[in-house]
Amino acid sequence: MNRSRETKALISIGIIGLVILFGAPHSLDLFSVISLTTAVSLAILALSLGLIWGFGGILCFGQTAFFGIGAYAYAIAALNFGGSTGAILAALIVAAASAALLGYFMFYGRLSDVYLAVITLTVTLILYSVIRRTSGPEYKIGIAKLGGFNGINVPPINYPWDATQFLYPEHVFYVAMVALLLAYFLCVWVTKSHFGRVSVSIRENELRSELLGYDVRLYKLCMFTIGGAIAGLAGIMFANSIGRITPDVFNLYNAALAIIWVIIGGRGTLIGPVLGALILFYMTSFLGQQSVVNINLFLGLVLIVFVLVVPKGIVPSLIQLWDRRRSRRMTARSAKKMRRRGRSRVKEAPVEE
Amino acid sequence: MRSNVVLETRSLSMHFGGVVAVDRVDFSLRENELRCLIGPNGAGKSTFFKCLTAQLRPTAGDVVIRDFNVTGSESHQIARMGIGIKTQVPNVFDGLDVEENIWLSASQSASAKRARVITSEVVERLELGEVRKSQLGSLAHGQRQLVELGMVLAGEPWLVILDEPTAGMTQDEVVRTADVIREINQSATMIVVEHDMQFIRMIAQKVTVFHQGQILVEGNMDEISSDHRVREVYLGHRKSS
Amino acid sequence: MDLFAALVLQIIYGIANLVLISIGLAVIFGMMRVINLAHGEFLMLGGYAVIVATNNGVNIWVAMFILAPLIVGLIGLIVEWCLIRFLYGRMVDTLLATWGLSLFFIGLITTIFGAQTATTISPPFGAITIGEYSSSGYELFLICIAVLMIILVYLLLRYTKLGLVARGTMQGADMAASLGVSTQRVYSTTFGIGAALTGLAGGLLAPITGILPTSGAIYIGKAFITVISGGTAILAGTASASVLLGAINGIVAFLIGPTMGEVALLLLAIVLLRLMPQGITGRFFKRSL
Chain W
1 MNRSRETKAL
11 ISIGIIGLVI
21 LFGAPHSLDL
31 FSVISLTTAV
41 SLAILALSLG
51 LIWGFGGILC
61 FGQTAFFGIG
71 AYAYAIAALN
81 FGGSTGAILA
91 ALIVAAASAA
101 LLGYFMFYGR
111 LSDVYLAVIT
121 LTVTLILYSV
131 IRRTSGPEYK
141 IGIAKLGGFN
151 GINVPPINYP
161 WDATQFLYPE
171 HVFYVAMVAL
181 LLAYFLCVWV
191 TKSHFGRVSV
201 SIRENELRSE
211 LLGYDVRLYK
221 LCMFTIGGAI
231 AGLAGIMFAN
241 SIGRITPDVF
251 NLYNAALAII
261 WVIIGGRGTL
271 IGPVLGALIL
281 FYMTSFLGQQ
291 SVVNINLFLG
301 LVLIVFVLVV
311 PKGIVPSLIQ
321 LWDRRRSRRM
331 TARSAKKMRR
341 RGRSRVKEAP
351 VEE
Chain L
1 MRSNVVLETR
11 SLSMHFGGVV
21 AVDRVDFSLR
31 ENELRCLIGP
41 NGAGKSTFFK
51 CLTAQLRPTA
61 GDVVIRDFNV
71 TGSESHQIAR
81 MGIGIKTQVP
91 NVFDGLDVEE
101 NIWLSASQSA
111 SAKRARVITS
121 EVVERLELGE
131 VRKSQLGSLA
141 HGQRQLVELG
151 MVLAGEPWLV
161 ILDEPTAGMT
171 QDEVVRTADV
181 IREINQSATM
191 IVVEHDMQFI
201 RMIAQKVTVF
211 HQGQILVEGN
221 MDEISSDHRV
231 REVYLGHRKS
241 S
Chain E
1 MDLFAALVLQ
11 IIYGIANLVL
21 ISIGLAVIFG
31 MMRVINLAHG
41 EFLMLGGYAV
51 IVATNNGVNI
61 WVAMFILAPL
71 IVGLIGLIVE
81 WCLIRFLYGR
91 MVDTLLATWG
101 LSLFFIGLIT
111 TIFGAQTATT
121 ISPPFGAITI
131 GEYSSSGYEL
141 FLICIAVLMI
151 ILVYLLLRYT
161 KLGLVARGTM
171 QGADMAASLG
181 VSTQRVYSTT
191 FGIGAALTGL
201 AGGLLAPITG
211 ILPTSGAIYI
221 GKAFITVISG
231 GTAILAGTAS
241 ASVLLGAING
251 IVAFLIGPTM
261 GEVALLLLAI
271 VLLRLMPQGI
281 TGRFFKRSL
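Chains as they are written, first to last, in this note's numbering: chain W, 1 to 353; chain L, 1 to 241; chain E, 1 to 289.
These aren't lab readings, by the way, just hints derived from the structure by calculation.
Note that the structure is predicted; figures quoted are calculated from it, not measured.
One or more of the hints may lead you astray.
Claimed, not checked - Covered stretches of chain E (chain W as the covering partner; in silico rule of three or more C-beta atoms under 8 angstroms from a C-beta of chain W):
#1 104-111
#2 215-225
Claimed, not checked - Just a sample of chain E residues kept apart from chain W, beta carbon distances all over 10 angstroms, derived:
#3 74
#4 100
#5 177
#6 182
#7 259
#8 283
Unchecked claim - Label pairs and their computed distance ranges (CB to CB):
#9 L:41 - E:160: 34 to 40 angstroms
#10 L:120 - W:248: 52 to 58 angstroms
#11 E:185 - W:148: 46 to 52 angstroms
C-beta: ideal position from N, C-alpha, C; glycine also.
Please take these sequences and the hints and turn them into a complete structure.
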């Protein structure tokens, strides 16, 4: 995509985002707004994976680990601090720090794609099984009990200046949507920066980046940490939209969903995974309501089909189709012009025999 | 006096299990030299190259660059010392265009503004203007080699190490590359690992011949061509030219 | 003293458990570098095969040693034929597609059997006593089976024609092909055998853990970590990794608790991979089976 087209696309995305931000609470009922808040928080998670995988080349099967860590850290901090503002900051730091720690071991150990994927998956699964068993009252951090498989009730988010004034659900939606827009444009900025361009080059050819003088391990670590922080942000928004955090955030199903969003939406773009998450959220809610076929079956088939047939994902494939139609239309147009010119030339030129 | 030796190896060895690929090699390179490394397949040239560029960690011995013992460093640290490296198989960024490839190299050490200047200079110098916006993956092998050379140049290196820079090139491209290499040599010290004897003749000053992991003999092109050991081992039983 | 014996037995069982759940995966990974994320579901399918068959009157030994490996082996062949063969060499795509397959199987079994456990069956051996402590006789039995499985795979690889062809293909597929070996056939057979071994393990483990459609998830992490830590030599890798990881798991589980044992296993694996990125057999026992 050339530069002006990209800028136009980004502006459109910004405008649509603002329209949804201000328009949704007025045109949708309360339940739909809350639903949309959840969808938006999942979209932020998808964005984080889209960034580190699509642009950084880091295949993380356990992005839900940082999502869940962000959510749990937020709930625990909010309960302990008695307010939400400091809790948001604390949760972001904890999520980023966890990513940095895991990332250090993986990238400085020069683990490759496949091992990375399996280890990150195992981390999220271990978090799932460990936290599930924390039902007893002795498992707590400060005054917050971990609650095992029942989870933690998340205290409602409050205005930063007054710990007793809580936000209404519509306002929670505003916060989440603003978070999504900010996170999205932050990611766009990252990908355009020198850091982002180097990360893409690492994705393309790690050895060459290294031979140019870039410390590949450090770049991957930073990218992974940024992704972890954004996933943590998603977890914080999710906690606020659902109101209760259970260990299910870490489970295999949700970990798979994150990957599916990115694959369906389009690896290599940022808006693709966001759209993938939104589409699948509503599709799975709809399909989850019928009980003929279990939803995993459907999701599994979708994943297989996309990997085999539409590996690029929806957004890039649409862009490709659009480009081909445009070039066909343009060739047709210029062919028409040439024919017209040809005809007029024949009229004007003297006939020589 | 050490008379400006910029790179040397001391008893450098590389073992792979039982195989000794590089065997106690003492090598030294002076400033502004253009040294060619030749030898038959399996002689250890590429392994030696990888030890110099920290792609492999030597089993024993030292690599010393400008009096710094760099044995055991990471590849990016070697590159950051101002050393340009071109690998045997072209390692470029296939999904990115020519300009981006070269810019990534330039911007590693130069400021944003200077990096853009360097990039356009390199593109012009190597006559890549027509393909500047083409994806690397779509270019012919010889052109990809040229772009990789450009990436090496864009780093403004003082030492350039090339592994088979003309593999897969057309005759014209080989000649152009020889010119470029001679030009680079005016401001940088160079090591060129090569197979193509014709190409070596175009550029060679001093030549080091490898055989079975050790240095067999060193000298200029005439001395090497007339050395009977080299003939046996590398030039083989072909008619000498 | 008796406590010590019971503890040692516990640890050895943990090691044997890792061997059982990993060996099928190791065969497939060692041969084709394919990481099958549906591996846990193969174990689960083996478990369901045994439970459903036993609850319908089939003798438990027949169900475990004949039915389960046969059914899952067949499923493995079908999976290889319909899906895996299109993705050779594309490791990431194989990971993704087999993950889809895993979801598919979970969904399929849930749709057929519902999300609750098909009634469990009890282990065919009772408890045995060691002084004051009683251990499960069935666990002892499984330890023996694990050892037998290693011996069986070793004999297969070392002394049969199939094993020779398999080893040749592993070391150089092109060479093998130029000698007339149909590498596609070798891959299919290997995948089938790996699946059968996994089905057998799943069936054997069914009496111990109740089987849910999502049981696969419990095994997948451990099996993978064991195989990857072990490296590409099928037997030496699985054995060495199982011993190291199983020992740590058992010791920490005894000292602190079962979940901490799992955490310790993961941490040790991460450290191992940091030190030896090619797995244990990338560094030691390099040319072993």
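Hints, verified against the model:
Counting residues of the region 104-111 of chain E whose CB lies closer than 8 angstroms to any CB of chain W gives 7, which reaches the minimum of 3, so the coverage claim holds. With 6 residues having a Cβ less than 8 angstroms from any Cβ of chain W, the region 215-225 of chain E passes the three-residue criterion, so the hint holds. Every C-beta of chain W lies more than 10 angstroms from that of residue 74 of chain E, the closest at about 19 angstroms, which supports listing it as non-interface. The Cβ of residue 100 of chain E sits about 3 angstroms from the closest Cβ of chain W, inside the 10 angstroms cut-off, so the non-interface label is violated.
Taking the minimum C-beta to C-beta distance to chain W, about 25 angstroms, the non-interface status of residue 177 of chain E holds against the 10 angstroms cut. Here residue 182 of chain E stays apart from chain W, with its beta-carbon at least about 24 angstroms from theirs, past the 10 angstroms limit. Listed as a non-interface residue, residue 259 of chain E fails to keep its Cβ farther than 10 angstroms from every Cβ of chain W; the least gap is roughly 5 angstroms. Against the 10 angstroms criterion, residue 283 of chain E stays outside the reach of chain W, whose nearest CB is about 14 angstroms from its own CB.
Roughly 37 angstroms separates the CB atoms of residue 41 of chain L and residue 160 of chain E, a value that falls within the hinted 34 to 40 angstroms. Checked against the hint of 52 to 58 angstroms, the pair residue 120 of chain L and residue 248 of chain W passes, with Cβ atoms roughly 55 angstroms apart. For residue 185 of chain E and residue 148 of chain W, the Cβ-Cβ distance of about 50 angstroms falls inside the hinted range of 46 to 52 angstroms, so the restraint holds.
The structure shown violates the earlier hints numbered 4 and 7.
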